[in-house]
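Work the whole structure out from these sequences, hints included.
Below, each chain spelled out in residue letters.
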Amino acid sequence: MFEDINALFHGFSVALTPFNLLLMFIGVTLGVIIGVLPGLGGANGIAILLPLTFTMPPTSAIIMLSCIYWGALFGGAITSILFNIPGEPWSVATTFDGYPMAQAGRAGEALTGAFTSSFVGAFFAVVMITFLAPLVARFALQFGPPEFFAVYFLTFCSFIGMGKEPPFKILAAMMLGFALASVGIDTVTGQLRLIFGWHELMRGFDFLIAVIGLFGIGEILLSMEEGLSFSGKSAKIDPKIVIQTWKKLPKYWATSLRSCLIGCWLGITPGGATPASFMSYGVAKRISKDGAKFGTGQLEGVVAPETAAHAAGTSALLPMLALGIPGSPTAAVLLGGLLIWGLQPGPLLFIEQKDFVWGLIASMYLGNIAGLVIVLTCVPLFAAILRIPFSIIAPIIIVICAIGAYTVHNAMLDIWFMLLFGVAGYVFKKLAYPLAPLVLALVLGDRAEDAFRQSMLMAQGDMRIFFANGLVGGIMGLSLLLLFWPLMAKWLARLRSPNAAA
Amino acid sequence: MEENNESAGVSGRGISNHAAEIAVAFMFLVIGGVVAFDSHRIGSGWSSDGPQAGYFPFYIGLIICIASLVTLGQSLFGAAASRNDRMFVEWSQLKQVLSVLVPAALFVAGIQVIGIYVAATIYIAVFMVWLGNYGWIKGIVLGFAVSALFFVTFEVWFQVPLFKGALDPLRFLGY
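If you're matching them up, the sequences are chains A and B in order.
Take the first sequence: its letters are residues 1 to 502, numbered as in this note's numbering.
Take the second sequence: its letters are residues 503 to 677, numbered as in this note's numbering.
One thing to keep in mind: the hints can contain errors.
Unchecked claim - Simulated DEER-style distance windows between Cβ atoms:
#1 A:Gln103 / B:Gln661: 30 to 36 angstroms
#2 A:Asp450 / B:Val532: 50 to 56 angstroms
#3 A:Ala104 / B:Ala668: 34 to 40 angstroms
To be verified - Straight line, CA to CA, 25 angstroms or less: simulated PhoX-like cross-link-like pairs of lysine-lysine:
#4 A:Lys289 / A:Lys354
#5 A:Lys240 / A:Lys285
#6 B:Lys666 / A:Lys430
#7 A:Lys285 / A:Lys164
#8 A:Lys293 / A:Lys354
#9 B:Lys597 / A:Lys429
In case anyone wonders, no lab produced these hints; they're calculated from the structure.
It should be emphasised that the depicted structure is a prediction, and the values quoted were computed from it without experimental measurement.
All C-beta atoms, glycine included, are put in the ideal place defined by N, C-alpha and C.
In C-alpha cells form, the structure reads like this:
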C-alpha cells in the first residue's frame, strides 16, 4: 500500500513537467472539441491523433491521449444537455433530465452539475485504480496462456451476456472482428492467411482504420440521415451559478456514492459505461424521494448517470493497464498505442515501466482537474462549435478521418478500407450489430489466438486445460455464467412464477 | 435468397428493415463461409509442431456461419408481426446519405490522383456549395484555408508526409 503511494508520488513528479502539463491542457481541449463534434468521439479521435504521437516519449503521449479521453467524456455532457444530442452512447441518460433543465433556462446549473459529478465519478475511479490495479497486476503475474485466454474469454462472454443487442448479432460482430484480425501473416507459422492472393492485404486490417471508419464515417452518415437541425440552448456559466450548484450538490451524496460504485463495478467489465449510466439513473429514480419528478429536469437525474458514466469510463482503464485487456473501444485504442510505442501491456507493465504506469495514473488525477477547469470556463466556446453548420463540419471531418486513416501505415488502400468500414458501421448500427465487440476482437484477436494456441500446445489439443486448476476453471466458469446469464435469469423468473410463463 | 431480398427491398417508401436484416445476415454467412473455407485450405488441424495456421480462424468462420444462420432464421421465420413494420432507410434518407457517401468516395478517388491537400480543397468547396448552398468564393476560401492548415500541421510542424497523389500537383512546394 505505502509502496503504491510512493509510486504515485513518483508518478506526479513524472507527470508534472511543464511539457506534460501543456499536453494535458491541449489534450483536454482537443478532447472536448472531439466529444462535441458529430462523427468524432473518444475512440476515433484518439485513433486519428495516435500517429502524431509516435515521435513523443510514450509517457507524454499517453498523458495527452488519455486527456483527450477525459475531454471527450466531458464533451458528451455538453451536447446532451444543450442540444439533446448524446455525443456518446453513455450520455443518453444525461439527456433525460439535462435537456429539460436547459429548456427551463437552467442550462448552467445542469452543466455545472454534470461536470462536477463527472469529476467526482472519475476521481473515485482513479483512486480505485491507484490501489486496485497494482494488486490485480501482481495477481496476474502468475497467469499462464490458459489463464490469459480465460480472461479474454471472460471479456467476450460478458459482452454477449450483458449487451442489449440480440446475442447472435453480438457474436457475429465479435467473430467478424476476430476474422479480420487473422487476415495477413500468421505470427506463429509465418503463413499467409485470408488474403486470396491480394498482397496488399498482407499487412492485415489495422483496428485504427476500423475505428476511424466505423465510428467516424458511420456516425457522419447516420447524422446526415437524421437531417440535422441543431436547435441548441445557449449556455453561460458564471461563477455565481457554479457556486450555487455546488452548494446543492452535497445533498446528493448518497446518489453520487451509489453511482460511483455502480460505475466502477460495471466499468471494469467491458462495455460497461452505457449500462452503468442507465442503471445508475434507474436506481436513483427508484430510491430518490423526488423520483417521480425525474425526467422533468431534476439535478439529481443529471448527477446519477454522469457520475456513473465517468466512473465506468475511467475504470475501463484498469483491466487495460493491469491485464492488457481493454474495457472499451477507447481503452482498446490506447492499448494499441502502447503496442506501437513498444510497450507490452499486461501485468509486467507495472514492474518494467513504473514511470509510464504511475505517470499515467498521476495524470489521470491532474487531467480530470484540468478538464473540470477547462469545461467550466469554456462552455460557450465549445457550444459555439456545435453551431457551425453541418455542411462545413461534415467534409472537414471526413478529410480529417481520411488523413488519420492514411497516417497509420502511409497506405492509400487504408483510406478505401476506412470508407468501407464507414458504410459497415452505418448498416451495423441501424441493425443493432454492436461495434464495440467488433473493435475489441480486432485488437485482441492476435493475442487471444496466441494464448489459445499456446494453451492447446501445452495440452496437446485437450480442451480440459481450461478447467485444469481452480484459477483458470474459476474464470472460465464465471465467463460461462455471464454468457448464459440472460437465459438463466429468464429461466429463474419462470420457475418463480409458473403462471406467468403459461 | 437474392430474389427475396429484391422484392422486399423495393417496397415503395424505402428499404424495409426485414430485407436489410436478411441481406446483412446473408453477408455474414458468406464471410463466415469464406473464412472457414480458406482456413481449411491452409490447414485447420494439427501438424507436427502444433496447431496449423488455419486452426483458430477456421472455428471463427464456423461460429460466424452459425450466428448468422440463427439471425437469418429469426428474420425469415420469426414472428410475422415484427416484419415490414419498420423501414431500414427511407428513399429520401438514403438520398441524403448517398449525397455524403458518393462525394466522399470521389474524394478518396481524388486523393489517389491529386493528393490529399488538393482533393480536400476541392471536396470541401464542392460540399459547401452543393449541400450547404454557400457561394463559390466562400467554399473555395474555406477549403483552401483548411487544407493549408493541414499542410502546415502535418508537413511542416509534425513532419508527417501525407499522400500527394500520383500526379503530385504540389511538387513545387518542395515537400
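Structure-based check of each hint:
1. Look at Gln103 of chain A against Gln661 of chain B: about 48 angstroms separates their beta carbons, and that is not inside 30 to 36 angstroms.
2. For the hinted restraint 50 to 56 angstroms between Asp450 of chain A and Val532 of chain B, the CB-CB distance of approximately 28 angstroms leaves it violated.
3. Taking 34 to 40 angstroms as the suggested C-beta distance range, the pair Ala104 of chain A and Ala668 of chain B does not conform, at roughly 58 angstroms.
4. For the suggested pair Lys289 of chain A and Lys354 of chain A, the alpha carbons sit about 47 angstroms apart, so the restraint of at most 25 angstroms is broken.
5. At roughly 28 angstroms between alpha-carbon atoms, Lys240 of chain A and Lys285 of chain A are farther apart than 25 angstroms, so this suggested pair is violated.
6. Taken as a hint, the Lys666 of chain B and Lys430 of chain A pair is broken in the structure, with Cα atoms around 35 angstroms apart against an allowance of 25 angstroms.
7. Note on Lys285 of chain A and Lys164 of chain A: the hinted pairing holds, with a Cα-Cα distance of about 21 angstroms set against a maximum of 25 angstroms.
8. Taking the CA atoms of Lys293 of chain A and Lys354 of chain A, the gap is near 49 angstroms; set against the 25 angstroms cutoff, the hint is violated.
9. A threshold of 25 angstroms between alpha carbons decides the hint, and for Lys597 of chain B with Lys429 of chain A the separation of about 18 angstroms falls inside it, so the pair holds.
Figure legend: structure checked against the earlier numbered hints; hints not met, in rising order: 1, 2, 3, 4, 5, 6 and 8.
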